[in-house]
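Protein sequences appear in the order of chains X and G. Using the numbering used here, the letters of the first sequence correspond one by one to residues 1 to 280. Using the numbering used here, the letters of the second sequence correspond one by one to residues 1 to 280.
In case anyone wonders, no lab produced these hints; they're calculated from the structure. Since the model is a prediction, treat every value here as computed from it, not as a measurement. No residue lacks a Cβ here, since even glycine has one placed at the ideal position from N, Cα and C. Hints may be right or wrong, so weigh each one.
Claimed, not checked - So the derived label-pair ranges between C-beta atoms look like this:
1) G:M261 to X:I161: 39 to 49 Å
2) G:D265 to X:E67: 53 to 63 Å
3) G:L64 to X:E217: 57 to 67 Å
4) G:G93 to X:E67: 23 to 33 Å
Stated by the list, open to error - Okay, the calculated bits of chain G under chain X, using three or more residues with CB under 8 Å as the criterion:
5) 135 to 143
6) 268 to 275
To be verified - What the simulated footprint calls covered on chain G by chain X, stretch by stretch (three residues with Cβ under 8 Å from a Cβ of chain X suffice, anywhere in the stretch; the number is not a length):
7) 83 to 93
8) 103 to 114
9) 205 to 212
Residues per chain are reported as follows:
Number of protein chains: 2
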Amino acid sequence: MAAALVNGRSTDRVSIADRGLAYGDGLFETVAVRAGRPCLWREHLERLELGAKRLGIPCPPRELLREEGERLIAGTLQCVLKILLTRGPGGRGYRPQSDARPTRILSCSEAPEHPLAWRRRGVAVTFCATPLGENPSLAGVKHLNRLEQVLARSEWSDPDIAEGIMCDVRRRVVGGTMSNLFLLARGCLTTPRLDYCGIAGTMRRRVLESAAAAGLETREAFVTRRDLAAADGLFLTNALIGIWPVRRLGSTELDVGRLPMELMDRWCEAAFTPDDWRVA
Amino acid sequence: MAAALVNGRSTDRVSIADRGLAYGDGLFETVAVRAGRPCLWREHLERLELGAKRLGIPCPPRELLREEGERLIAGTLQCVLKILLTRGPGGRGYRPQSDARPTRILSCSEAPEHPLAWRRRGVAVTFCATPLGENPSLAGVKHLNRLEQVLARSEWSDPDIAEGIMCDVRRRVVGGTMSNLFLLARGCLTTPRLDYCGIAGTMRRRVLESAAAAGLETREAFVTRRDLAAADGLFLTNALIGIWPVRRLGSTELDVGRLPMELMDRWCEAAFTPDDWRVA
Numbered sequence: 001m002a003a004a005l006v007n008g009r010s011t012d013r014v015s016i017a018d019r020g021l022a023y024g025d026g027l028f029e030t031v032a033v034r035a036g037r038p039c040l041w042r043e044h045l046e047r048l049e050l051g052a053k054r055l056g057i058p059c060p061p062r063e064l065l066r067e068e069g070e071r072l073i074a075g076t077l078q079c080v081l082k083i084l085l086t087r088g089p090g091g092r093g094y095r096p097q098s099d100a101r102p103t104r105i106l107s108c109s110e111a112p113e114h115p116l117a118w119r120r121r122g123v124a125v126t127f128c129a130t131p132l133g134e135n136p137s138l139a140g141v142k143h144l145n146r147l148e149q150v151l152a153r154s155e156w157s158d159p160d161i162a163e164g165i166m167c168d169v170r171r172r173v174v175g176g177t178m179s180n181l182f183l184l185a186r187g188c189l190t191t192p193r194l195d196y197c198g199i200a201g202t203m204r205r206r207v208l209e210s211a212a213a214a215g216l217e218t219r220e221a222f223v224t225r226r227d228l229a230a231a232d233g234l235f236l237t238n239a240l241i242g243i244w245p246v247r248r249l250g251s252t253e254l255d256v257g258r259l260p261m262e263l264m265d266r267w268c269e270a271a272f273t274p275d276d277w278r279v280a
Numbered sequence: 001m002a003a004a005l006v007n008g009r010s011t012d013r014v015s016i017a018d019r020g021l022a023y024g025d026g027l028f029e030t031v032a033v034r035a036g037r038p039c040l041w042r043e044h045l046e047r048l049e050l051g052a053k054r055l056g057i058p059c060p061p062r063e064l065l066r067e068e069g070e071r072l073i074a075g076t077l078q079c080v081l082k083i084l085l086t087r088g089p090g091g092r093g094y095r096p097q098s099d100a101r102p103t104r105i106l107s108c109s110e111a112p113e114h115p116l117a118w119r120r121r122g123v124a125v126t127f128c129a130t131p132l133g134e135n136p137s138l139a140g141v142k143h144l145n146r147l148e149q150v151l152a153r154s155e156w157s158d159p160d161i162a163e164g165i166m167c168d169v170r171r172r173v174v175g176g177t178m179s180n181l182f183l184l185a186r187g188c189l190t191t192p193r194l195d196y197c198g199i200a201g202t203m204r205r206r207v208l209e210s211a212a213a214a215g216l217e218t219r220e221a222f223v224t225r226r227d228l229a230a231a232d233g234l235f236l237t238n239a240l241i242g243i244w245p246v247r248r249l250g251s252t253e254l255d256v257g258r259l260p261m262e263l264m265d266r267w268c269e270a271a272f273t274p275d276d277w278r279v280a
């Protein structure tokens, strides 16, 4: 297995002139690979394409990403496939070069190991002090400007705390440092709106669709810490963890049993059923 | 002349696992080099050290940066020295690795050429629609998360427009995409506060000090577009351009003659007088 492909070549190095490094001028996707095939593949590709469109970066064709993904993964059953797309090298200062030759980097790493109990019995979660700045131009996009998450994630080191909740500068709840957040209250499943900041997770999208298909009322709304305190239950989602129920929020114990655990298991199972590389 | 040094080695490549690329987890400085020596060297080093402290990245000793700077510049009289410092490779997800081995990249490029008339007769400036998100944790720091500037800079392509003014999400004026902004009004020199966003420019700092030393009243304040319209004059600063008077703001012509051009020339000259590498 090659460790990485940069524009199709087996290497793990990029130019120091790449705008991904200089300005965080790019995007990334982190794809769970099971049985040698990608999970939520269509969702990842669609988000990458949407992000590329919003940043004005030419997106590589799906066939190319599929071909390189297959080549990189070959023989590996379970791993994480990271796709990183930048505007490429060059340009004078911030101004994007008119003839951008994007850099695409596919790399493969071991799947992170989290205690199984986190999925089954839930996780402890803290509140982060680092706020998320608002910017509608970038909201929802999984771009490479992630210093806010880095600072937030460095706020705690207790290994028993699985995630930190981030709020925007207006103190609205946005999500976890690396996950999206859902609240169950009065039978309705709510997740924070992402108009001003946050990342539109692939698993978030899948859960919204699956919940609606299961007849649950769903909505995207502005959420406050008071809403979290009043909720019947909370859970976190991302493409690698699937779903983590929240059993402790700050110093408050939550009753995981009030969440629709069976449904959530089914959503997870569906999300982790590998797609065909050609599904999208 | 070597084109670049990465951790002291002559190369122009970095690992794709570097957090500078993955998350924009780092800082940079862009130093004007004249007569083979750096300008505003002390200011650049101090800002780099302050930024490193705020991000929790170990900063290389000044002697090392001096030694590598001298080695890289050797024989070159005029160029731009870029120093890029990242938290280095690795770590699991956003969480900074506890044993960070920072990456320092020194690279050399040609000084940008701007029309001499821009310095003498002033520049035309536009307003950008892309807002700056607010985040006190990152405000002032010259970090690698610069997508907002990239998007703002791609809003115009008219080569006669030298710079774009950016406002924060509350519509307060912050500065140019690559420069700081000063307003002269009723004899007082004002520059936008940088509590919530923006970069604390080395030339901004120098102008504030020089103006105060010349007996001018100076202040850092929140600034609105109305303040710009009411000002007697405006100018832009950065370490490479020095000072550009503004002769047109959007569709409004400004009288550059109301600015203290002689003083500004002196400030520029002082800023572009090369320091000794050992000054700091």
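Hints versus structure:
1. Hint check: M261 (chain G) to I161 (chain X), Cβ distance near 58 Å, so the stated range 39 to 49 Å is violated.
2. Distance hint check: the CB atoms of D265 (chain G) and E67 (chain X) are about 59 Å apart, consistent with the given range 53 to 63 Å.
3. The given range of 57 to 67 Å is respected by L64 (chain G) and E217 (chain X), whose C-beta atoms sit roughly 60 Å from each other.
4. Range check, G93 (chain G) to E67 (chain X): about 28 Å between beta-carbon atoms, so the 23 to 33 Å window is met.
5. As drawn, the segment 135 to 143 of chain G meets chain X at 5 residues by the rule of a beta-carbon pair under 8 Å; at three or more, the given contact holds.
6. Interface restraint, the segment 268 to 275 of chain G with chain X: violated (0 residues with C-beta to C-beta distance below 8 Å; minimum three).
7. Chain X is given as covering the segment 83 to 93 of chain G, and this holds because 5 residues of the stretch bring a CB closer than 8 Å to a CB of that chain, at least three being needed.
8. Counting residues of the segment 103 to 114 of chain G whose C-beta lies closer than 8 Å to any C-beta of chain X gives 3; at least three are required, and the coverage claim holds.
9. Restraint check on the segment 205 to 212 of chain G versus chain X: 0 residues with Cβ-Cβ distances below 8 Å, three needed, restraint violated.
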